[in-house]
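**Q** Please put together the full structure from these sequences, using the hints given.
Chains S and W supply the protein sequences, listed in that same order. Residue 29 in full-length UniProt numbering sits at position 29 of the first sequence, with consecutive numbering throughout. Residue 21 in full-length UniProt numbering sits at position 21 of the second sequence, with consecutive numbering throughout.
Don't take every hint at face value.
SDA-like cross-link-like pairs, simulated, lysine to any residue; straight-line CA separation at most 25 Å [said to hold, decoys possible]:
no. : chain 1 : residue 1 : chain 2 : residue 2
1   : W       : 81        : S       : 272
2   : S       : 90        : W       : 27
3   : W       : 79        : S       : 278
4   : S       : 707       : S       : 736
5   : W       : 81        : S       : 535
6   : S       : 90        : W       : 80
7   : S       : 90        : W       : 33
8   : S       : 90        : W       : 59
9   : S       : 521       : S       : 271
10  : S       : 90        : W       : 30
11  : W       : 79        : S       : 535
12  : S       : 90        : W       : 81
13  : W       : 81        : S       : 278
14  : S       : 90        : W       : 73
15  : S       : 90        : W       : 69
16  : S       : 800       : S       : 741
17  : W       : 81        : S       : 271
18  : S       : 90        : W       : 78
19  : S       : 90        : S       : 482
20  : S       : 90        : W       : 77
The hints are simulated quantities; they were obtained by calculation from the structure and are not laboratory data.
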Amino acid sequence: MASLNLLVGVSLVYVAFLFAVAFAAERAAVRGRSGWLRTPLVYTLSLSIYCTAWTFYGAVGYAARSGMEYVTIYLGPSLVMIGWWWVLRKLVRIGRSQRVTSVADLISARYGKSNTLAIIVTLMAVVGVTPYIALQLQSVTLALSIFSGPPDAEGLNGLNPLSAGFWVAGGLAVFTVLFGTRNLNANERHDGVVIAIAVEAVVKLVALLAVGIFVVWGIAGGIGPMMERIDASALGTWELDRSRWAALTVLSAAAFLCLPRMFQVLVVENDDERHVQIASWAFPVYLLLMSLFVVPIAVVGLNLLPAGSNPDLFVVSVPLAQGQTGLAVLSFLGGFSSATSMVIVATLALSTMVSNHVVMPIYLSLKSGGASMSGDVRNVILLARRLSILLIIALGYVYYVLSGGSGALAAIGLISFAGVAQFLPAMLGGIFWRGATRLGALSGLCLGFAIWVYASLLPSFGQDAVLPASFFEVGPFGINWLRPYAFFGIDGMDPTVHAVFWSLLMNTCVFIVVSLLTFPKPLERLQGAQFVNVFDHSGQARGWHASVAASEDLMIMAQRILGASEAQALFRTAAREQGMTGHLPEPTPAFLERLERELSASVGTATAHAMVSQMVGAASVSVEDLLAVADESAQMLEYSSQLEAKSAELSRTAGQLREANEKLTQLSVQKDAFLGQISHELRTPMTSIRAFSEIMRDAEGLSVAEKTKYASIIHVEAIRLTRLLDDLLDLSVLENGQVSLNSATGPLEAVLDHAVITAQASGDGRLRVTRDNVAGDTMVTTDLDRLGQVFINLITNAQKYCRAAAPHLEISVHADAKRLAVEFRDNGTPIPDAARALIFEKFARVAEGDGSGAGLGLAICREIMARLGGDITHVPQAAGNVFVVQIPRRQVLAGQ
Amino acid sequence: MARGPSSPVFLERRSYRRRRLQDAQRLLPVLGMLLWMVPVLWPTRDETGHVTMSAAIYYVFGVWCLLIGLSFGLWRGLKRKVDEGTEPPAGDP
Chain S
1 MASLNLLVGV SLVYVAFLFA VAFAAERAAV RGRSGWLRTP LVYTLSLSIY CTAWTFYGAV
61 GYAARSGMEY VTIYLGPSLV MIGWWWVLRK LVRIGRSQRV TSVADLISAR YGKSNTLAII
121 VTLMAVVGVT PYIALQLQSV TLALSIFSGP PDAEGLNGLN PLSAGFWVAG GLAVFTVLFG
181 TRNLNANERH DGVVIAIAVE AVVKLVALLA VGIFVVWGIA GGIGPMMERI DASALGTWEL
241 DRSRWAALTV LSAAAFLCLP RMFQVLVVEN DDERHVQIAS WAFPVYLLLM SLFVVPIAVV
301 GLNLLPAGSN PDLFVVSVPL AQGQTGLAVL SFLGGFSSAT SMVIVATLAL STMVSNHVVM
361 PIYLSLKSGG ASMSGDVRNV ILLARRLSIL LIIALGYVYY VLSGGSGALA AIGLISFAGV
421 AQFLPAMLGG IFWRGATRLG ALSGLCLGFA IWVYASLLPS FGQDAVLPAS FFEVGPFGIN
481 WLRPYAFFGI DGMDPTVHAV FWSLLMNTCV FIVVSLLTFP KPLERLQGAQ FVNVFDHSGQ
541 ARGWHASVAA SEDLMIMAQR ILGASEAQAL FRTAAREQGM TGHLPEPTPA FLERLERELS
601 ASVGTATAHA MVSQMVGAAS VSVEDLLAVA DESAQMLEYS SQLEAKSAEL SRTAGQLREA
661 NEKLTQLSVQ KDAFLGQISH ELRTPMTSIR AFSEIMRDAE GLSVAEKTKY ASIIHVEAIR
721 LTRLLDDLLD LSVLENGQVS LNSATGPLEA VLDHAVITAQ ASGDGRLRVT RDNVAGDTMV
781 TTDLDRLGQV FINLITNAQK YCRAAAPHLE ISVHADAKRL AVEFRDNGTP IPDAARALIF
841 EKFARVAEGD GSGAGLGLAI CREIMARLGG DITHVPQAAG NVFVVQIPRR QVLAGQ
Chain W
1 MARGPSSPVF LERRSYRRRR LQDAQRLLPV LGMLLWMVPV LWPTRDETGH VTMSAAIYYV
61 FGVWCLLIGL SFGLWRGLKR KVDEGTEPPA GDP
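**A** Here's what the structure looks like:
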């Protein structure tokens with residue numbers, strides 16, 4: 001028989017081997033050769049920390065006591081893995097996009113980065129997992145006691161269970177501290193730990209399979225005889241507590257998702273989402289193999305070993321009884337592996353939670369300078385984690401001592417499961433329901449947890465240990481419906497089912513009702529949208545308004561948490577991405593978010609959020625503030641756009657006014673010029689008329705010819721005056737709208753003919769007038785005389801002002817459905833742009849011509865056309881001018 | 001399994017097959033739950049027509065193997081479809 005010392009020696013060698021494996025893995029990871037460390041196989045094997053020493057030893061004991069019920073503990077996780085598509089896929093994606101470090105971090109981040117919630121979940125997890133750690137101590141101690149020989153005369157084991165438990169706890173604590181807190185960033189992932197637990201997963205599987213194969217083929221003699229033996233045994237018929245079968249399947253599924261250590265390996269240590277898909281069938285295979293030989297071992301143990309042997313230890317005691325010491329040692333190592341891997345990961349996960357959500361916030365709030373005080377915070381965090389590990393294992397030991405190390409392993413494990421399963425409503429509600437609120441989660445968690453403590457945890461110490469026996473008989477203070485095993489007076493439920501049923505039911509109901517009644521804060525709503533719609537946008541919540549944050553302060557803070565070189569590298573990369581050459585990037589919102597995520601990997605979401613917010617403003621800038629600011633800015637934006645519209649309108653009006661003013665000024669100048677001109681115009685003929693009339697009056701001896709000549713001069717000048725006055729009168733009449741139009745119908749061509757002849761009669765005959773496209777049958781119905789006046793004016797203008805060597809005027813007619821356009825195109829000097837606006841104004845004169853015009857012609861034309869319902873425009877040309885007279889079509893009739 | 005408004009109404013044959021495989025994947029845990037809850041209906045020790053332990057073991061582990069096989073098959077099928085298809089894996093829940 002193997003001595004205790006040999007066993008301790010083997011265990012130590014085994015632990016040393018694990019250390020070597022972990023160390024080698026971390027070295028490989030540092031060198032960047034970590035590809036093989038992160039394979040789907042390693043991921044699947046790391047999930048096997050679900051199978052703890054409880055599973056390893058306890059399952060056989062469970063089977064020996066309750067038949068097939070033990071298998072429910074594996075069915076739940078198998079269903080979760082097979083249904084990975086529903087929950088795990090989303091959890092893993094959220095975990096990666098939000099850089100979640102633990103289950104408390106997940107729940108806290110979902111409900112508005114609430115630290116209260118994080119602390120409560122952390123405390124619940126610590127309390128919930130404590131029995132589980134006690135369970136590991138108990139199984140390893142029990143297994144050791146088997147090797148130490150039979151109980152002596154006083155009924156005591158050769159091994160003192162308390163001191164053995166103490167040494168096992170101490171060993172596990174040292175082991176975990178050395179393993180798990182070598183590096184800080186939880187999201188840098190514990191390569192060494194993951195590899196070590198993968199190795200342990202193989203060891204425990206091999207050990208259990210070896211014992212199983214030995215039992216089936218070595219003892220029973222094959223599958224057929226084994227089955228016969230099973231049917232013939234006390235376990236031979238199907239026996240089932242139906243409520244337990246269903247409840248435990250659901251409970252184990254819930255615990256699989258909620259246990260902090262499972263969350264750690266499932267989500268935090270996950271490297272690739274595709275690994276989850278492979279694990280979806282590979283991990284059920286592992287679970288199947290782990291549970292395959294449980295019933296055979298139990299049956300053979302019950303057959304072979306004396307009545308009263310502890311069935312929890314059949315895995316070790318059966319080979320030992322058969323003289324297979326080597327197999328027994330292997331089996332012990334399997335159980336030892338299960339215990340160590342579970343304790344390492346569980347305490348690591350819990351210590352991360354404790355240090356991030358409890359110790360660091362307290363530490364930071366105690367330091368007056370907040371996150372900006374001097375010194376390396378990393379040491380504080382590491383110390384906090386190490387102390388948390390010691391604390392958690394110490395709690396486990398205390399529970400072990402208090403519970404007397406006597407309860408069946410499975411019962412203790414189920415208490416733990418029920419405790420952590422309380423996270424499930426808040427967790428699933430958080431990732432599937434946007435309406436879930438912080439208060440809802442808080443009240444659900446607290447109520448569920450309270451019911452669990454009252455109905456499951458406290459009674460587990462035994463009646464009269466914590467709760468007086470009277471509670472169980474008549475209820476607390478005589479309140480019958482509050483008996484711990486019979487809420488609302490419903491007797492006869494299995495205690496575990498009772499606790500699970502009522503705690504989860506109340507938890508869920510309160511969670512939903514309070515969520516429906518309360519209103520979430522803005523940050524909660526942001527995070528809720530991010531979590532629920534994680535597949536639509538894997539981006540980050542927008543948070544920081546950054547211009548006030550000083551990069552240097554951020555750098556100092558980041559150095560203390562991430563480490564100097566890591567922080568510098570991060571800042572340098574960010575600066576480079578922003579296209580800057582220095583070491584300090586601009587504190588853009590994107591950079592601050594990234595920094596917050598990096599920090600949250602070390603200190604948790606809520607703390608990182610608080611730290612960055614301390615840096616970003618003198619006072620912390622909450623998202624509420626930002627949203628308020630955003631609301632205000634939206635209002636201001638609207639207001640300012642209204643203002644903008646108004647100001648645009650004003651400036652348009654101002655432009656028009658300026659234009660009008662310019663026009664007025666110009667007109668006034670022109671008017672002055674015209675007055676000068678018209679005085680001159682009036683005066684010149686008047687002067688000649690006066691002079692010649694005086695000559696004719698005073699001079700004597702004038703010949704008839706001379707008299708006639710002088711009289712003609714006077715006549716011509718008088719006509720000129722008359723014409724000028726006529727024009728002025730005409731314009732005045734037109735402008736005042738007093739003109740009467742004599743509408744008549746006639747051919748357009750005739751009007752043009754008349755105009756050309758009339759105009760040419762008074763010209764020098766140099767202008768060549770051609771006509772194009774003038775259909776002879778085009779009839780117009782309008783005031784033909786007035787239209788003719790316009791045409792005459794245009795032709796006369798061309799005659800007067802066309803300075804080309806061979807002046808040419810082309811008249812063409814274009815007709816469309818509505819209008820008839822008559823174009824007068826000459827080849828003279830184009831009218832300058834500056835003058836174009838004025839040519840149709842009264843008294844406007846573009847070129848200083850022969851002085852015979854008074855600048856009224858075009859003004860009259862425009863007035864006439866306006867009266868006729870048409871228009872006259874000038875179209876600038878590269879060479880020459882085009883005047884277009886538009887006559888409305890309704891006054892145009894086609895000829896017969 | 002609602003699609004967004006921008007999703008096409010009809011899918012080409014390959015995407016259609018892939019979506020149906022995904023549906024199967026989603027329904028697999030429901031099937032597992034149903035099959036594993038069947039033992040609740042079995043008569044127990046004191047009742048007539050009780051089931052032997054060996055039969056129970058064969059049944060529970062048989063369902064287990066079936067589910068693992070189906071899960072494995074779906075994983076293989078989807079992996080091939082994703083490798084073949086140009087469309088990225090659907091993100092709708």
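**Q** Indicate, hint by hint, whether the structure satisfies it.
**A** Comparing the hints with the structure gives:
1. W:81 to S:272: At roughly 19 Å apart (the allowed maximum being 25 Å), residue 272 of chain S and residue 81 of chain W satisfy the hint.
2. S:90 to W:27: holds (17 Å)
3. W:79 to S:278: holds (10 Å)
4. S:707 to S:736: Roughly 43 Å between the alpha carbons, so the hint for residue 707 of chain S and residue 736 of chain S is violated.
5. W:81 to S:535: holds (20 Å)
6. S:90 to W:80: Holds, at about 22 Å.
7. S:90 to W:33: Holds: residue 90 of chain S and residue 33 of chain W sit about 21 Å apart, inside 25 Å.
8. S:90 to W:59: This hinted pair is violated, its Cα atoms lying about 32 Å apart.
9. S:521 to S:271: violated (33 Å)
10. S:90 to W:30: Given pair residue 90 of chain S, residue 30 of chain W holds - Cα atoms ~18 Å apart, limit 25 Å.
11. W:79 to S:535: holds (19 Å)
12. S:90 to W:81: Roughly 21 Å between the alpha carbons, so the hint for residue 90 of chain S and residue 81 of chain W holds.
13. W:81 to S:278: Given pair residue 81 of chain W, residue 278 of chain S holds - Cα atoms ~15 Å apart, limit 25 Å.
14. S:90 to W:73: Holds, at roughly 22 Å.
15. S:90 to W:69: holds (24 Å)
16. S:800 to S:741: violated (29 Å)
17. W:81 to S:271: holds (23 Å)
18. S:90 to W:78: Holds, at about 18 Å.
19. S:90 to S:482: violated (38 Å)
20. S:90 to W:77: holds (21 Å)
Violated hints for the displayed structure, listed by number in ascending order: 4, 8, 9, 16, 19.
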